[in-house]
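Fit chain B to the known structure of chain A by using the hints.
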Amino acid sequence: MDVLGYIISKYNYWGFVLLMMVGMYAMIVKNNLMKKILGMNILQTAIILFFVSTSAKTKATLPILEHGHGDHAIHAVDYINPLPHVLMLTAIVVSVATLGVALALALKVYKEYGTLEEDEIFEAQKKKLNPEMQEGEVNS
Amino acid sequence: MKKFAVILGLMIWGGLLIYIADDFPGWGDPQAPASVNLSPYYIEQSIPDTDVPNVVTSILADYRGFDTMFETAVIFTAGLACLFLLRSYSTKEPDVYLYRHTATGVILRIEKGGTIPVGSADFERIDATWVPHDLIIKTTCRLILPFVFIFALYVIAHGHHSPGGGFQGGVILGAATIIFAISYNLRTATRNITERFAAFFSAAGVLLYASTGVLCMFFGGNFLDYGALAPLFGTTIAGARSLGILIVEIGVGMSVMAVMSSIYYNISSNGRLNEGL
Chain A
1 MDVLGYIISK
11 YNYWGFVLLM
21 MVGMYAMIVK
31 NNLMKKILGM
41 NILQTAIILF
51 FVSTSAKTKA
61 TLPILEHGHG
71 DHAIHAVDYI
81 NPLPHVLMLT
91 AIVVSVATLG
101 VALALALKVY
111 KEYGTLEEDE
121 IFEAQKKKLN
131 PEMQEGEVNS
Chain B
141 MKKFAVILGL
151 MIWGGLLIYI
161 ADDFPGWGDP
171 QAPASVNLSP
181 YYIEQSIPDT
191 DVPNVVTSIL
201 ADYRGFDTMF
211 ETAVIFTAGL
221 ACLFLLRSYS
231 TKEPDVYLYR
241 HTATGVILRI
251 EKGGTIPVGS
261 ADFERIDATW
271 VPHDLIIKTT
281 CRLILPFVFI
291 FALYVIAHGH
301 HSPGGGFQGG
311 VILGAATIIF
321 AISYNLRTAT
331 RNITERFAAF
341 FSAAGVLLYA
351 STGVLCMFFG
361 GNFLDYGALA
371 PLFGTTIAGA
381 RSLGILIVEI
391 GVGMSVMAVM
401 SSIYYNISSN
411 GRLNEGL
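Line order of the protein sequences matches chains A and B.
First residue of the first sequence? That's 1 in the working numbering, and the numbers climb one at a time after it.
First residue of the second sequence? That's 141 in the working numbering, and the numbers climb one at a time after it.
The shape of chain A in the complex, shown without the other chains (with noise of 0.2 Å):
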């Protein structure tokens, strides 16, 4: 079965889109700015898993080189490559402070607003921009 071992051959790219997928339409369409904030950080696992994925190579083990001292050559295929798992162990740290800050400015809103439902958010400004305007008005 060729298409079955295509499919298996590149695995890690079909989670990588599919998650991303999840995470893009949780950030467009959900409403609630919480469920936003959770989107946003599933597109970041996405990213992750993508860069992460790309250092995998076969029948090699993890960038620790054994004994450090030894007279023994290291060759850079027994080794998988780290230069993915550095950038992404950034990007994790990174993530956890923009989800304090997502968090943060989420808290604002509440104490503004009193509700996360942004279409609510939105009724509540435009009726703060104009004071005169009636309560059935505010869909024109």
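Do not take every clue at face value.
[Said to hold, decoys possible] To give an idea of the interface, some chain A residues facing chain B are shown, with a C-beta separation under 8 Å as derived from the structure:
no. : residue
1   : Met21
2   : Leu33
3   : Lys36
4   : Ala56
5   : Leu83
6   : Ala97
[To be verified] DMTMM-like cross-link-like pairs, simulated, lysine to aspartate or glutamate; straight-line CA separation at most 25 Å:
no. : chain 1 : residue 1 : chain 2 : residue 2
7   : A       : Lys108    : A       : Glu123
8   : A       : Lys57     : B       : Glu184
9   : B       : Lys142    : A       : Asp2
It should be emphasised that the hints constitute simulated quantities derived from the structure, not laboratory data.
For glycine and all other residues, C-beta sits at the position ideal for the given N, C-alpha and C.
Coordinates of chain B only, in the frame set by chain A:
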């Protein structure tokens, strides 16, 4: 309607991503373009250049030292942003304080002008988020926390030889602070690891990192070229790079730990830092 349009757009985009996956290398391909250009140099030169067996650490703190320095600055900025967004210093004093005598369970009602037993071990304050004394959780956390702290210090210091380093150890330290704040209460946590301490450490970590780089310039090297510190440490150039990486990782750990606690303090108490989880 918007929902279906978004789903359609995402399906087109996802299909495009799946279509171009044909050009990407397969799972675990040793000849993948990402693995043949730069990374063999790192793997083969890590020991001669820096004396560090863990290649991830040597890339993180030496080859890509600028990246990590500004990454630490990003963490610091996130802590600052949370502080500026949420922190409010206007404390509204309640009319009545409630204090519970822990031995007898008698609750004292202290009106304005009365003496408040601040810092006394016999009394605990009761507020909106007070929960009954939980012996199992508090005792378990008190027993486990010293070991969590020591493990975090081990992860920071042993990042040269095993998976670990400043970011990971700093996050474990921050998680230990958060466990402490959850199992007791926020007021006890801020009394032990104060807001001032967290603010000082988050800045001091970034400063330690940057000043190590400046120190290298004083010894005639480039910014963050730890090999120039060899006369100071009295070792070989590779050994000086290894020690420089350790100093930098300690700075990163300090900064990450302080920012994690500071973000938790501000978010859990809505910026007032008096009551919270």
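To see whether the hints hold, each was checked on the structure:
1. Because the smallest distance between the Cβ of methionine 21 of chain A and any Cβ of chain B comes to about 5 Å, under 8 Å, the interface hint for this residue holds.
2. The beta carbon of leucine 33 of chain A is not positioned within 8 Å of any beta carbon in chain B (closest approach about 14 Å), and the interface hint is therefore violated.
3. The restraint placing lysine 36 of chain A at the interface with chain B is violated, with a minimum CB-CB distance near 13 Å, outside the 8 Å limit.
4. Proximity of alanine 56 of chain A to chain B holds as hinted, the smallest CB-CB distance being about 5 Å (cut-off 8 Å).
5. A hinted interface residue such as leucine 83 of chain A counts as satisfied when its beta carbon comes closer than 8 Å to some beta carbon of chain B; here the least separation is about 5 Å, so the hint holds.
6. Interface hint status for alanine 97 of chain A: upheld, as the beta-carbon distance to the closest one in chain B is roughly 3 Å, under 8 Å.
7. Under the criterion of a C-alpha separation no larger than 25 Å, the hint pairing lysine 108 of chain A with glutamate 123 of chain A is consistent with the structure, at around 17 Å.
8. Proximity of lysine 57 of chain A to glutamate 184 of chain B is assessed by CA-CA distance (about 16 Å); at most 25 Å being required, the pair is judged to hold.
9. For the given pair, lysine 142 of chain B sits about 39 Å from aspartate 2 of chain A by alpha-carbon distance, which is inconsistent with the 25 Å threshold.
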